[in-house]
Amino acid sequence: MTDEKKGKGIADLLVEQGMRFATQAAKTVIDDRRGQEAVATAVGLAQKGMKRLEGVQEQVLHAIGLPSKSDYDDVAKQMARLKRKMRDLKKQVDAAADAKGARPSPAPPAGPSAEDDDAGEQGDAG
Amino acid sequence: MRGVRFASREWIAAVVEAVNRHPDLPRALAGLGTDLAVVVEAEPVARAPAVAAWGRQAGGRIAEWRLLEDEDDILELEPDYVVRAPYHLWKDVMQARLDPVQAALAGRIRVKGDLEGLVRRANFRYIVDEALRAVATEYPDEVKR
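Note that the protein sequences, when read in sequence, are chains B and R. Under this note's numbering, read the first sequence as residues -2 to 123, first letter to last. Under this note's numbering, read the second sequence as residues 6 to 150, first letter to last.
Take the hints with a grain of salt, since some may be wrong.
[Unchecked claim] For lysine to any residue, the following SDA-like pairs were computed, each having C-alpha atoms within a straight-line distance of at most 25 Å:
(1) B/K80 x R/E81
(2) R/K117 x R/L94
(3) B/K45 x R/T39
(4) R/K149 x R/A55
(5) B/K80 x B/D95
(6) B/K66 x B/A77
(7) B/K88 x R/W70
(8) R/K117 x R/W70
(9) B/K87 x R/E74
(10) B/K74 x R/L73
(11) B/K48 x R/L82
(12) B/K74 x R/K149
(13) R/K117 x R/E81
(14) B/K80 x R/W59
(15) B/K74 x R/D119
In case anyone wonders, no lab produced these hints; they're calculated from the structure. In this text, all values refer to a predicted model and were calculated from it rather than measured experimentally.
Sequences and hints are given; from them, build the entire structure.
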């Protein structure tokens, strides 16, 4: 157990040191105008590569009749839209109920039995 | 002096106002996508709730913004950029202990969208830094219980 902790400690230390060096290196590169351009270009190429890979992946998945990431994204988007519409509807219903004065008052705190319902509002004890 | 609570409606309004006042903002925004969503992931230990906000630029300024009731609204809005990080990382960025570009490149701050365009504008970071300095911020984990 102690050895494990010690091992973790050393691993953490190494990661921390590595991160520090990497951050320092990245800072040096990004602080320089040309370095910044180079990093931006590399990032752009990496993103374009990822997009192309996703495109190929999508074609392959569709070819074998399986849903791709974009299909899941579409479903998630539709779900989000439904969720938002339900929320809007609930607001409209609540507003209409408020306007009519028919909206039930918030439930009383749990505890008192149904027999206490007629007791009306209770102030703070004491 | 008490500050405005980080990521609250008032805080975002104050930061947006300060950013919009900067004369260099139109140059920084030129060529970028039109809208962006920012997500602060909740950290209950720090008493920081989840926050999602969306903003749109037009005419070289942040023309509109709103707090989202549900983070999933981002899926429907499909903004050009989604920037997401846990609360403690945002705090590190706000307090200049973490460089946002490096954090994005390292994957600590997750950016969805054209990261290349953002990296190319890294030298405009002073606009946001100055705006943040102009708004006294109160962090939820620093508020005495």
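Checklist entry - Of the hints stated earlier, which fail here? => result Hint 12 alone not satisfied by this model.
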